[in-house]
Amino acid sequence: MPKRYAMSVDVGGTFTDFVLCDMDAGATVAFHKVLTDAERPARAVIAGWEELLAMAGASSDQVQYAVHSTTIVTNAIVARTGAKTGLLTTSGFRDVLEIGIEQIYDIYDLFAPYPPPLIPRHLRLEVPERVTRDGEVLQPLDEAAVRTQVDVLRTAGVRAIAVSLIHAYRNPDHERRIAAIVTEMAPEIAVSLSSRVAPVMGEYERTSTVAADAYVKPLLRHYVTDLLDHLRRLGYRRPLYLMLSSGGITTAEAAIEFPVRLLESGPAAGAFAASFYGQTTGNEHVLSFDMGGTTAKACLIARGRPGVAGMLEADRVHRFKPGSGLPIMAPTVALIEIGAGGGSIARVNELGLLSIGPESAEANPGPASYGLGGEQPTVTDANTLLGYLDPGYFLGGRMVLQPELAARAVGRFVGSGLNLSPTEAAWGIHATVNENMAQAARTHLIERNQDPRQVAMVAFGGAGPAHAVEVARILGIRRVIAPLGAGVASAIGALTAPMALPLVRSYMTLLDAADWDHVRALYDGMRDEAERAFAGVTGAESVRYGAALDMRFAGQYHELRVALPGGVPEREHVAELAAAFQAGYTAEYGRAPGGLPVEILNWHLTAELPGFAFNLAKEPRREADPNGARKGERAVYFRRPEPGYRPCPVYDRYGLNPGAAFAGPAIVEEREATVVIPPGCRVVVDGYRNLLMSLEQDGMAR
Amino acid sequence: MNVQMTDAAGFDPISLGIIWSRLIGIADDMWTTVLRTAVSTIIGAAQDFGCEILDAEGSSVAHSNRSMPVFNLVMPTVTRAVLARHPITTMREGDVYITNDPWLCAGHLDDIATITPVFHQGRVVAFTVTIAHASSIGGSLTSRTVREIYEEGLRIPILKLVEEGRRNETAWSFIQENVRTPDMVLTDIEAQLTANDLGGRRLVALLQEYDLPDLTTVAATIQAFSERAMRDAIRAIPDGSYESEVVTDGLDHPVRLRCRITVAGDEIAVDYAGSDPQSPRGGINCTLTYTKAHTVYPLKCLFSPSVPANEGTFRPFSIQAPAGSILNCSVPAPVGSRTRTGWHIHPLLFTALEPVVPERVQAGNGLMRSVHVYGQERDGHFFNAHFFVGGGRGASQGRDGIGRNCFPSSARNVSVEVFEARAPVLVRTRSLRPDSAGSGAWRGAFGHQLEFSSLPGYDEPVSFFLDPDRLRFPPRGLAGGQDGPLTEIRVNGRQLTPEEIGSGQLTLAAPADRLAVDVPGGAGYGRPADRDPALAEADRAAALVSANDSG
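From first to last, the protein sequence lines are chains A and B. Just so we're aligned, residue 1 is where the first sequence starts under this note's numbering, counting upward by one. Just so we're aligned, residue 1 is where the second sequence starts under this note's numbering, counting upward by one.
One chain only, chain A, in its complex shape (with noise of 0.2 Å):
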């Protein structure tokens, strides 16, 4: 019987990433990255899908579960690559999207800027139609305005109309009758509803919302058609799985129904795997940090589980600043992220102090090491000259750097700047930036309560490995896990992830007043959706449905999510309900106050089915000696005990077997990645082949 096979494709936004499994074996056969293009994603894809199982000897109906993560949506928003979209709204709120909140959120900068609204004024029209804060019509939706709208649109060349009408949370018929008017009209037009996507309270929140999935629409839809025609012309014939921001997978077409809910599906896939490496090293709290070509992500990941947020901040202009981003009212896995990856670039400010990121030289021209045409160092130019990274054997040979490339330009741009020779230029944008980092992951792990002391860090991502060690010590963590396929682990993350459906309805009541009847009814609207959406799935029919609450004292603007388990809130977990509120807002706030109502905003659903059963095998331990893997020795800066370059053995990834223990220094190779050990580091190769590696805390960071 031929083998069967699950893939895994990961669409980063420098490389693209691929995970081939045995599904059989429940082991990975093989890993592949290929430059991301950027023009034509699913050119990479495709390229990259018939490499890795030619290497394998398998072919595509070998393939019968194929999962996909990609930031393509992210991309499209950060680089304003989506369609030309209109938004139809309220008479009088043409200028929601411009208005914002009106906050500055940075109390200090006088300049602190603001993303640019995703569709311009020209294309927010206006129609006359009001619906009151009870969902009662005060002015019937004039539809002859509306074709007159959708007709200026429509000649104004839009391929996306989000619509967004004030209080549509609370009666969504008049956006209803517009998404009818303008199928009726140019069905060639996507459609995004404020009400389906976000039926949340606030006008401007919502809006940014929908007028985001609008503009990615037609390019999700394109894209995800356009891969699965050249995917089925290869020969695959299963559903094409993909990864949301909340940390599940759904269909495709599901998934193209509400693209803004692919945000972050990348980094969704990449706490999966921090997840799944956690559990496989014994770690209950893990510290995902995944550091790639343009962005670092820090994500805490507590008993297994990632957090997940109600909303997240699209394209963040201002240093990653919360405030300087377009809000997404999504729900989302809480990461923090920031612009710190290989392809950062290293100025001096105009402070006369070195400054990293957040602008990147992406992939393409890339770190002036990669020789095209990059004039501004990077991150990834000093690791090069810090001896960390091989430049015979970067992407595992397939590209060669050029390090006297980085040599000028980090002499030129940065060493001459600060009167430092080029190494000590080097040391100083590798040391800067792990700073930057870490400083950003303290704040994620103390928002969330967590002493760095008891976490163990899982890093991945192509620069992850090479910054993992120090960047732990600046936080205080002792222990940092280097999984084999670090360069690939959003990929391998996506197989682990549940097949997953977060499906949230607005009704606000108090709890003593609310109508148990329309609570059905709008559950079982969300369990149809869940349903259409698992439609044809295998084992569609075990899906486990998990209520959460969105609860508050009445009067408040902020909620607290109150899980029920089971299907449907009912009249008889009123008490219960109240009190898991009660004791929620004392966990958090330290009392609660007396006499007051308790009122319930937002609904939600999960729909859940157990995803493809993702295994690694563990082989036994084998010689601690690691000579075997040794393939070289070059010289390394490392800045403890003493700073300066220190001959330091470089070892082949692939041929260290479990059981294999040393010390830094030591470089370990792999394709996908480098794994940087200082001295001082002892690392140990596990059954899974994961490098495990200890720190000697001095103290010094607590």
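A couple of the hints might just be wrong.
Claimed, not checked - Only pairs whose alpha carbons sit at most 25 Å apart, straight line, appear in this in silico SDA-like list of lysine to any residue:
| no. | chain 1 | residue 1 | chain 2 | residue 2 |
| --- | --- | --- | --- | --- |
| 1 | A | Lys321 | B | Asp29 |
| 2 | B | Lys160 | A | Tyr589 |
| 3 | A | Lys321 | B | Pro305 |
What the hints assert, rightly or not - Just a sample of chain A residues kept apart from chain B, beta carbon distances all over 12 Å, derived:
| no. | residue |
| --- | --- |
| 4 | Arg4 |
| 5 | Ala334 |
| 6 | Gly373 |
| 7 | Pro391 |
| 8 | Arg478 |
| 9 | Arg630 |
| 10 | Gly644 |
What the hints assert, rightly or not - Just the calculated beta-carbon pair ranges, DEER-fashion:
| no. | chain 1 | residue 1 | chain 2 | residue 2 | range |
| --- | --- | --- | --- | --- | --- |
| 11 | B | Arg399 | A | Ala431 | 32 to 40 Å |
| 12 | A | Gly417 | B | Ala236 | 17 to 25 Å |
| 13 | B | Ala547 | A | Pro498 | 54 to 62 Å |
Note that these hints are calculated values from the structure, not bench results. A virtual CB, placed ideally from N, CA and C, is assigned to each residue, including glycine.
Given chain A's structure and the hints, the job is docking chain B onto it.
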């Protein structure tokens, strides 16, 4: 933090960096707690509040990045006033102090400060302080008509709101009986206490973790760092004396503000001599505490925007204003609308310093506004909601004015949907106001146009309480840039004169009645003839600048 702390006395730089960012993080947690547990639109939605950690001397150590700037700057004053009244040795664990005295606190009665001593190892090691704008403090609804502070509401002296964990019921009931929508006001004060408690607990945990007996060394170290950064920045600008003058609407007659800024070495002195005397009517007077805060805030923005602020940041500044002047008023001057004067300190200082730091200052600001509605819903309960809207900011050398903010406040606007949910009112328009930006090589940000009515079906008159600014004097251009427009207020299409606006109370009797408020945009920077034609064309294409407008 992009700074190096090489001379951190007693701390290695990494630990100090961690502790410093943790302190800011604790203040941020306090801020989030208020936001999440408050119930009024002005605190829970518009975010008119601030949180800070101070050392045992009452010097500021860290504040939230989102805190109302002026609140951060008056918290040391109010905390030291508490210490003067209640020596530190008399404080007990579980005490909470309260006051809204405008001369000690944030300049008008609406801003209530709660001050919580934090105990560690049996003694006070710090204070957690929150100041928030109460949704009501009683008194007149029309700040423009009052003659003395006694008409403006309840003046709360420094007293213990909570004593060793027991609520001072006398104090609570005094507040309860003297404010509108008392449940809303008291729940918001609870939110302040919750935030202070949470901040105190987190702070003690931090001290325990680092085995620190108190905050003294940490505070002194980071204050010294911020102070040095500010002194370095001041030393980099030329010594000299820089003057300016602005004229504001005032009430019955215009008000003149004057300043002289003296830069000497690493210190700056600001003297407001020559500014008009305090106003006998309408709360447009500033207490000296408030004036000082609105002086050091823009100076911090100009000279040291990126280093975290604390007491040290502000030591190089000295500020004086003549007693009895509108910038240093005395009891019983009314002060409810002190932003009408205080927010003009920013353009005053920016204009004075334009010759020195032309690339950092901004032209005149259209200024944010609040529209307040108060009354009774048909079911009998009282509504009390504030609608905030930003004005456009002025342009700067090399860039158009930045809209999308309420500067110099850090509040956010109030969502139309949230506002309507809290009052029987319809917001019929909130959009950018075309032709509302002063032109120039760089134009101001656009202002807004608003239109309100009562909610059809409500059938009662609805009163709107406005306190408009820039009815007579527009935002001023810089370096040849043009002024912004004036505020326009119309009822049923007819523009009201400043005299007709009178008290600021405008009542819509019938659902068909309309109230329109046009908020000005910011002023321009540089000559309009020097504007990039492509930028001018983009504004016309967006229908924000009329085709016949030269800008």
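Here is what the structure says about each hint:
1. Between A/Lys321 and B/Asp29 the CA atoms are separated by roughly 17 Å; this keeps the pair inside 25 Å, and the hint holds.
2. Between B/Lys160 and A/Tyr589 the alpha-carbon distance is near 22 Å, which keeps this suggested pair within the 25 Å criterion.
3. A threshold of 25 Å between alpha carbons decides the hint, and for A/Lys321 with B/Pro305 the separation of about 15 Å falls inside it, so the pair holds.
4. With a closest Cβ-Cβ approach of about 49 Å to chain B, A/Arg4 is found to remain outside the 12 Å limit, as its non-interface label requires.
5. No Cβ of chain B approaches the Cβ of A/Ala334 within 12 Å, the least distance being about 14 Å, so the stated non-interface status holds.
6. Remark: the non-interface label on A/Gly373 is consistent with the geometry, its nearest Cβ contact in chain B lying 28 Å away (cut-off 12 Å).
7. Look at A/Pro391: its CB is around 30 Å from the nearest CB on chain B, clear of 12 Å, so calling it non-interface holds up.
8. Separation of A/Arg478 from chain B is adequate, the least Cβ-Cβ distance of about 15 Å exceeding the 12 Å criterion.
9. Chain B leaves A/Arg630 outside its interface by the beta-carbon criterion, the shortest separation being 34 Å against a cut-off of 12 Å.
10. Against chain B, the non-interface label of A/Gly644 holds: every CB pair exceeds 12 Å, the least being about 22 Å.
11. A beta carbon spacing of about 33 Å between B/Arg399 and A/Ala431 agrees with the range 32 to 40 Å that was offered as a hint.
12. For the pair A/Gly417 and B/Ala236, the beta carbons lie near 19 Å from each other, so the given range of 17 to 25 Å is met.
13. A hinted range of 54 to 62 Å for the beta carbons of B/Ala547 and A/Pro498 is consistent with their spacing of about 58 Å.
Every hint, counting from the list given before, is met by this structure.
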